[in-house]
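K.L.:
Sequence:
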Amino acid sequence: MKRKGFLCRPLILLFSAGMLFFQPQALAKQASPAVMQMKTIEGQRVLIPAEGQKTIIHFWTTWCPPCREELPRFQSYYDEKHADVELITVNLLNVEKNEQSVKRFIKANHLSFPIVFDRTGDMMKKYNVMTIPSTFFINEKGELEKSVVGPITVEQMRSWAEKKS
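Quick note on numbering: the sequence shown equals residues -28 to -1, 1 to 137 in mature numbering (1 follows the signal peptide of the UniProt record, and there is no 0).
It is worth saying that the hints were derived from the structure and are not from the lab.
Take these hints with a grain of salt, some might be off.
[Unchecked claim] Taking lysine-lysine and the BS3-like style, the derived pairs with C-alpha atoms no more than 30 Å apart in a straight line are:
1. 69 - 135
2. 69 - 79
3. 98 - 113
4. 11 - 75
5. 69 - 11
6. 98 - 69
7. 75 - 136
8. 75 - 97
9. 97 - 69
10. 136 - 79
11. 79 - 11
12. 79 - 113
13. 11 - 97
Using the sequences and the hints, build the whole thing.
P.N.:
Structure representation (structure tokens):
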């Protein structure tokens, strides 16, 4: 019986430490990656991050439960029409089943905000995305101000958008 306790305690501690590590948390500030020009799924060209404008960049997939839960929040935020903030979401198509299933998901969920496909994982690498969902807040100068791993709220987006740089 003592041996079982001897093995369980370290495993519980290891699991607990892991849970602390994987909780949604702000990432350390880092240099913003180079500007990338991409096309939305509608064919519109966008600069990521937007030049001279605050930009929220959100990485997601259709098979990620927290992503699915928070996408309506991004739609609500987008519908508020924040003229001074560009919202761009990035679907990690490189880890999805296929493009058609993602497009069906977008249509079924009435998502109208700008969505770009990361077909090769290049954007994911440039932003060092290791966990989804991940959101990056970039100021007008193109500097990364804040990044969050895990779901975020409309209030978090509004609060950052309204903050003076």
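K.L.:
Are the Cα atoms of residue 98 and residue 69 separated by 30 Å or less?
P.N.:
holds (22 Å)
K.L.:
Are residue 69 and residue 135 close enough, with their CA atoms no more than 30 Å apart?
P.N.:
violated (38 Å)
K.L.:
Next pair to validate is residue 69 with residue 79; report whether the Cα-Cα distance is within 30 Å.
P.N.:
holds (16 Å)
K.L.:
Against the 30 Å threshold, does the CA-CA distance of residue 97 and residue 69 hold or violate the hint?
P.N.:
Holds, because 20 Å separates the two Cα atoms, which is no more than 30 Å.
K.L.:
Is the Cα-Cα distance between residue 79 and residue 11 30 Å or less?
P.N.:
holds (18 Å)
K.L.:
Would you mind confirming whether the straight-line C-alpha gap from residue 69 to residue 11 stays at or under 30 Å?
P.N.:
holds (20 Å)
K.L.:
Given the proposed pairing of residue 75 with residue 97, does the C-alpha separation stay at or below 30 Å?
P.N.:
holds (23 Å)
K.L.:
Hint check: residue 75 vs residue 136, CA-CA at most 30 Å. Holds or violated?
P.N.:
Measuring from Cα to Cα gives roughly 36 Å; hence the hint is violated.
K.L.:
Would you mind confirming whether the straight-line C-alpha gap from residue 79 to residue 113 stays at or under 30 Å?
P.N.:
Violated - the C-alpha atoms of residue 113 and residue 79 are around 34 Å apart, more than 30 Å.
K.L.:
Run the distance test for residue 11 versus residue 97: straight-line Cα separation, threshold 30 Å.
P.N.:
Since the Cα atoms of residue 11 and residue 97 sit roughly 18 Å apart, the hinted pair holds (cutoff 30 Å).
K.L.:
Would you check the hint for residue 136 and residue 79, treating anything up to 30 Å between C-alpha atoms as holding?
P.N.:
violated (35 Å)
K.L.:
Need the status of pair residue 11, residue 75: alpha-carbon distance at most 30 Å?
P.N.:
Holds, at roughly 15 Å.
The structure shown violates the earlier hints numbered 1, 7, 10, 12.
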